[in-house]
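Chains as they are written, first to last, in this note's numbering: chain A, 996 to 1051; chain B, 66 to 234.
Rather than coming from a laboratory, the hints here were simulated on the basis of the structure.
For clarity, every value in this text was computed on a predicted model and none was experimentally measured.
Glycine included, every Cβ here is placed at the ideal spot set by N, Cα and C.
Among the hints, a few may not be true.
Unchecked claim - Pairwise CB distance ranges, derived in the manner of DEER restraints:
hint: 1; chain 1: B; residue 1: 144; chain 2: A; residue 2: 1012; range: 35 to 41 Å
hint: 2; chain 1: B; residue 1: 98; chain 2: A; residue 2: 1001; range: 28 to 34 Å
hint: 3; chain 1: A; residue 1: 1026; chain 2: B; residue 2: 143; range: 26 to 32 Å
hint: 4; chain 1: B; residue 1: 186; chain 2: A; residue 2: 1009; range: 45 to 51 Å
hint: 5; chain 1: A; residue 1: 1012; chain 2: B; residue 2: 128; range: 42 to 48 Å
hint: 6; chain 1: B; residue 1: 189; chain 2: A; residue 2: 1007; range: 50 to 56 Å
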Amino acid sequence: MHYLLPFFKWTDSTWLAETMRGSRLYFPLIETFHLLALTLLFGAILMLIFASAAWS
Amino acid sequence: MQEVPAQVPAIIEWMQNSAFGTGIRESVWTFPVVETTHVLSLAVSVGLLIWFDLRLLGWGMKHQPISRIHKQIMPYVVAGFFIEVVTGFLLFWAEAEKCYLSVFFRAKVLFLFLAAFNAIIFEFRTKRTIGNWDKFPVPPPQARMAGWLSIVSWSAVIVAGRATAYNLF
Chain A
996 MHYLLPFFKW TDSTWLAETM RGSRLYFPLI ETFHLLALTL LFGAILMLIF
1046 ASAAWS
Chain B
66 MQEVPAQVPA IIEWMQNSAF GTGIRESVWT FPVVETTHVL SLAVSVGLLI
116 WFDLRLLGWG MKHQPISRIH KQIMPYVVAG FFIEVVTGFL LFWAEAEKCY
166 LSVFFRAKVL FLFLAAFNAI IFEFRTKRTI GNWDKFPVPP PQARMAGWLS
216 IVSWSAVIVA GRATAYNLF
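Let the hints inform the model, and build the full structure from the sequences given.
Structure follows, in structure tokens:
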């Protein structure tokens, strides 16, 4: 896995990463959207499973 | 033993400093495992509910009878909600003082009650006439209102929950 380390170091030093780390608001805000989207995706997957199992 | 501000009730102080609360808070594994279970159960129950709400709004699965979707998803929604409440209570116990003092946590509880109240009204009142509009692509205004209220209140619960965790203000 060490061959990925330079890439992670690069992302860590980018302007975007530094801006996010420097703000008190950006990280929680983006994580909230991340969680909302995850919830929606999880629900969609379960609905698809139910649809293929029972509704068809 | 942690210093607790004077305005915190004795029960909150007791929870915060109890061996159980301290054990959850200071364990390397317990807190992350409980929080992960909390998020996963939320994703199951709220994830399914939001798709059901979208059907109530007439924005998806228009050709599926609402009663059929309701019957299929409700056991999972209720089970997920139960796990969510139990794990949420454990997380509260571990950080009782922080939660008690957080305005976002109070907002979260408020929206949780709003979501519960909306669900009770839907189950015991709006749903009584489901036979008349079950197969319509777009249900009547009361059902659509229930869908909107559910989406807004559950989204607010998630937003307030994250704001509590990061102690934004």
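Q. What hint numbers does the structure not satisfy?
A. none
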